[in-house]
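Peer 1: Given next are the chains, with one letter for each unit.
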Amino acid sequence: MNARIISANLVVKLRSFYREKTTMFFTFAFPIVLILVFGTIFMSQDNVEYHLCVQDLDQTKSSAQAVKALELNGKFKITRIDPGVNAAQYVMDNKVNLVLVIPKGYEGLLMQRMVFNDFNASITITYIYDPSSSSVATKKDILNSVLAGINQRMSGQPPFVRSAEKSILAKKYRFIEFFVPGIIAMSIMTLSLFGTVNLNTELRQKGIIRKLATTPITNTDWILSNVLYHFILAIISTIAMLLVSHAVFDVSLHIDAWLIVFVLLDVFAFVGTGMILTRFVKEAQSAAAAANAISYPIMFLSGSFFPIELMPGFLQKIATTLPLYYVNEGLRASMVFEDNMSALRSSAIVGVYAAVVFILGILATKWEEGQ
Amino acid sequence: MTKETEFAIEIDRLTKRYGDLPAVDDISFKVSKGEMFAFLGPNGAGKTTTVEIIETIRPPTSGKVTLFGMDVTKKKHDIVRRIGVLPQGFSSFDRITVRETVQYYSRLFSIKTDIDGLIELVNLGDKAKEQYRNLSGGLKQRLGIAIALVNDPEVVFLDEPTTGLDPRARREVWEVLLGLKKKGKTVFLTTHYMEEAELLADRVAIISKGKVIAMGSPWELIESNANYMVLTLQSVDDKVFEIIRKTGFEPFLDNHKDIKVRVKHTYDVQKILNAIKDAGALYLSLDVRKPNLEEVFLKLTGEALREVQPEMESE
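Residue numbers (the working numbering), protein chains in the order written: chain X, 751 to 1121; chain S, 8 to 322.
Because the hints were derived from the structure by calculation, they are not lab data.
Virtual Cβ for every residue (Gly too), placed ideally from N, Cα, C.
Heads up, a few of these hints could be off.
[Claimed, not checked] Per label pair, the in silico range of CB-to-CB distance:
#1 H272/S / E1033/X: 55 to 65 Å
#2 R769/X / G144/S: 45 to 55 Å
#3 T772/X / S143/S: 19 to 29 Å
#4 G51/S / E1033/X: 42 to 52 Å
#5 S143/S / R769/X: 28 to 38 Å
[What the hints assert, rightly or not] Part of the chain X face toward chain S, derived, beta carbon under 10 Å:
#6 S766
#7 F866
#8 I967
[To be verified] From the derived model, a few chain S residues whose C-beta atoms are all more than 10 Å from chain X:
#9 H84
#10 Q277
#11 A282
Only chain S is shown next, with the shape it has when bound in the complex (with noise of 0.2 Å):
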C-alpha cells in the first residue's frame, strides 16, 4: 500500500547518465498538488529527460522519482491513469479527425470522457470534423491538450507546448493552461519560454547542464537574484556606451545590439542620461524596467536562455 503524500512529485537526487554524460545531475525538488511547475532551462539543459523520466518514460540511473508517493519504476500501470502528457513535438495520426482522435486517447483509458467538452475546453470545436494533417501547429498543440486531459488526470504534464508557435497561437495555448491552472490541475510545465513560466507559474526551477541551479517563485528568483532595472538604450551614436562605461557602469550589447545597462537606483538612470546630454551624445529610445527571467538566468549561468528563433522573429 503506497502512501499518498501532501506533494504530487518529489525528486530525489535523481540522476541520469547516457554513457559518461550526464545528462540529468544529482537534481532533487518538490512540487505540491495544485500547483503550476515550470521547468525552464535552454535546449539540451535536461528538461526533456527529467520529465520523461517522471512520466515513466525513461528509467533513471540513479535517485529516487515518486508522483503521488509511488515510485515511477515501480508503479507505471497506476501512475499512467493519473497524469496527462503532451510531449515535446507532439503529433497523432493524420488522417484521424479532432473529434476521433480524442476518442481514440478516451478508449485507451477505459473511461468515460466528455469528449465534446474537452474539444470545446481547447477552443477546438469547430474543428472537430477536421483532420489532424489539416490543423495548424497552434491548433495541433491545443488538440495535444486535450488528450492529455481525457483520462481527468491530477498532474498534466505539458513539455515545451509553445515551442514553434506564432505569437497569437502561443497566446491561445496560455489561455487554456491557465483554464487548467484555474481547475486546480497541478500542472509540470517544461519551457525555455521566460515569459511562458513568468506568466503562468506559481513556481519555477531553473536547470543548466543537468543541474537546478535556483527555484522559486517568479518573482522571488527574480528580487534574489536580480535586485536592480535594466536601463536599455537605443543609440545610433557610437560614443554612448564609452560614456556610460566612464561615468563608472558597466553597459553591454543585447542581441539586437542595444546597449544595457544595470543599475541600482533610479537616480543612476539620471546620472548616465545627463552624461549622454553632457557629452552631446544621442539615442533614439529609453526604456527602464524590472529585470525578468531571462536577465536571473543571464546573471546565473552567464549563458542566454533562449537562441534567437528565426521563425519566431519573422512574426
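In isolation and in its complexed conformation, chain X is listed as follows (with noise of 0.2 Å):
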C-alpha cells in the first residue's frame, strides 16, 4: 500500500468529478429528490383525510346527525349524493371507490332500539365499493371501527377491553425519521457500486487500464483509492440529505461516531462487489444492466423504502442475508433508537462481508489483458 499512489488517484478523482457538473448535481440530487418525494408522501400520510361518498336513503334528523358524526371524526371529506341516483352506477361513473349507504328506516329502527330497548331492532349500512381500489381497504377498516364504537356507546356499557399506547423511544418518531437513514444506505450503496463499475469499465475501454498496468499501482492501492474517493462524496451526500430532511420536513436523527462508521463499511461493502462485477463486466452498456440488476433487488429487500415484516417469510429471510439490510438496521439503531449494543451487531455484520468482498476485489481486479 502507497499513500501517495492512493492519493494521486483519489485527486484525480475529485477532479474529474467535480469539473463534470452534470455527474456531480445528479450524484447529489438524486437522494435528495427521494427524500423529498417520499418526505411529502409520508408526511401528508399522517395527516390524512379520504375521500366518502354517503347516500342517505332516510332523510331524517337522525340519519343526519350519524352522517355529521362521520364528519366530526376528522378521516372524512363527506359528499352527500342524492338518494335517487343508483349508487353502484355513480361509483362507476364519477370514479369513487366506496358509497356508504344508509337505509330507509334508520330513524324508526334506531328509536325502536333507544326508545323502546327492542334489542332486535338493527339497521344495516351498506357499503357499495369499487374493490380495485387500494384505499377501500383502509376507508372499510376506519369505517368498520367508527360503527363498533357507535355499538359500544349504545350498549350503555363500559367496554371490557381498553389499549393503552407506550412507545420504546422518549421522543416521538415519525415514519419519515425511520425512513431516512434507509434512503442514506440506499444512496450509499447505488454511488458506491454504479461508481465503482461505471469508472472502472470506462477506464478500462479507453484503456487508461492499460497504461495504468505499466505502473508500480497495486490492486490494494486501486481499491483504496476508489474507497476513499466514494467515502468522500457519499459523506457530502450524507449531509446534503440530512440537511435537507431537516429543513424541509423538521427531522432531527441522533448523529455520532456510528453513522461515520456505517457511511464507511457501506462504501466499502459495495466498492467491493463493484470490482468483482467489474472482473465480469467488459462493456459500459453492460456495467449499468449488471449494477441494476443487483441494486434494485438489494434495495427493495433489504427494508429501505418500507419494513421487511411486510415481505412473505422467505424473502425476510432473504433479506438477512443481505449487507443492506445490516446497514439500514445500524443506521435506525444509532440515529433512531440509540442503541449502541444493536448498531454494534450490524456493523460487525456489515464488517465481515466488506472485508470479505474487498479481498475478493483485490483478488479479481486484473491489470493485465487475457491469459
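Two chains, two frames, some hints: make the complex.
Peer 2: Pasting the structure below:
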C-alpha cells in the first residue's frame, strides 16, 4: 500500500468529478429528490383525509346526525349524494371507490332500540365499493371501527378491553425519521456500486487501465483510492440529505460516530462488490445493466423503503442475508433508537461482508490482459 | 540477484497463442541498450501482443522474455519502474489538464519529476493548462510520450505512436522521438509506417503472421532484400504496360495505378524509355528510386505493408 499513489488517484478522481458538473449534480440530487418525494408522501399520511360518499335514503334528523358524526371523526371529507341515484352506477360513473348507504327506516329502528329497548331492532349500513381501488380496504377498516364505537356506546356499558399505547422511544418519531436512514444507506450503496462499475469499465474501455498496468500501482492502492473517493462523496451526500430532511420536514436524528462507521462500511461493501462485478463486465453498457440487476433487488429487499415484516417469510430470510439490511438496521439503531449494542452487532456483520468482498475485489482486479 | 546484460531486451523463442491461433510464433531477437529498435509489420501481425508481453501486461504462452536480465513474468514490480510505455490508442482522463496528468503519473512512480521540463520536451508548454479532452490527436500522443518518460525510463515502448495522425502531427511526434534518441534512451517502436521505421530506427525487425521474417538496419534490409531500383511511370497510355513487358521486364501496378518496374541498372531504365518512345506511346512522369522498406516487405511476403488509410489520404 502506497499512500502517495492512493492520494494521486483520489485527487484525479475528485478533480474529474468536480469538473463534470452534470454528474456531480445528479449524484447529489438523486437522494435529495427521494427524500423530498417520499418525505412529502409520508408527512401527508400523518394527516390523511379520505373522500367518502354517503347516500342517506332515510332523510331524517337521526340519519343526518349519523352523517355529521362521520364528518366529525376527522378522517373523512363527506360528499352527500342524491338518494334518487343508483349508488353502484354512481361509483362507476364518478370514479369514486366507496359509497356508504344509510337505508330507509334508520330513524324508526333507532327509536325502537333506544326508546323501546327492543334489542332485536338493528340496521344494516351498506358499503358499495370498487374492489380494484387500493384505498378501499383502509376506508372500510376506519368505517368499521367507527360503527363499532357507535354500537359500543349504544350498549350503555363501559368497554371490557381497553388499549393503551407506550412507545419504547422517549421521543415521538414519525415514519420519515425511520425512512431517512434507509435512504442514506440505499443512496450510498448505489453511489458506490454504480460509481465503481461505471468508472472502471470506462477506464478499461479507454485503455487507461492498460496504461496503469505499466506503473507501480497495485490492486490494493487502486481499490483503496476508489473507497476513499466514494467515501468522500458519500459523506457529502449524507450531509446534504440530513440538511434537506431537517430543513424541509424538520427531521432531527441522533448523529454520532456510528454514522461515519456505517457510511464507511457501506462504501467498502459496495465498492468491493463493484470491483468483483467489473471483473466480469467488459462493456460500459452492460456495466449499468449488471449494477441495476444487483442493486434493485437489494434496495427493495433490505428494508430501505418499507419494513421487511411486510414481505413474505422467505423474502424476509433473504433480506437478512443482504449487507444493506444490516446497514439499514445499524443506522436506525444509532440514529433513531440510540441503541449502541444493536449498532455494534450490525456493524460487525457488515464489517465481515465488507472485508470479504474487499479481499475478493483485490483478487478479482486484473491489470493484465487475457491469459 | 539478477545479472544485468548488455542487452536491454532479450526475447528467446517467444510464443503467444489464443486457443489454437498463434499470435506470436516462436520469435527471438535482442535489443541493445541505447538502440532505437522498430518492430514493423501490418495490422494483426503480432506487434502489439509481443510488445505487451515485454511490458509485462500479457503473459507469454511459452518462451522467455527478459528486460535488463530480469524475467518479465517474475519481476514486474522492478521492471515497470525502469520502462516507459505509450500504449496503442493511448487515452487519459478527459477533464484533467496536461500538467495535472503528467503530475499524476509522476506520483504513481513516487519520484520527483521535472514536470515542466517534460512538458517542454514534448512541446506542450502552451497547452499545460488545457484539459485532455480539448487536445488534438497529435497533442494527445505527445502527452502520452511525456507520461511515458515521467520515471526517466531506460527503455521506452511506443506502440503505434503516430497512427491516425495527420502528416504534420506525425512529423512533430518524430521530432520528439529523435530527441529521445539523442538522449540515449533505448526505444522500442512499434509501427506499420515504413517511412517512420526507416527514418528513426537503428534496426528494424519485420514481423508477419507472428513470425520475424527479417531483421537488420533499414539499409541492410534494403540492400540484402531489394538490390534493385524501382522505375515508376505515370501513364495515360494503355500500351505502355505491354511495351515494357515485351522488352523482357515484369511491370506491375501500384495502389495508384502507376506502372512500376524493378530494374537492376540505370541502362535498363534507358532501354525501357527507348522502347516506349519507339512505339510512339506516352507517359506523364517518371521516377527512379532505390526501394524502401515497403518494397522489402512486399518482396518478402507478397503483401502490402499498409492498407490505404482514408483519413490519411485525405490530408
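Peer 1: Hint by hint, which ones does this structure get wrong, listed from lowest number up?
Peer 2: 2, 4, 5, 7 and 9
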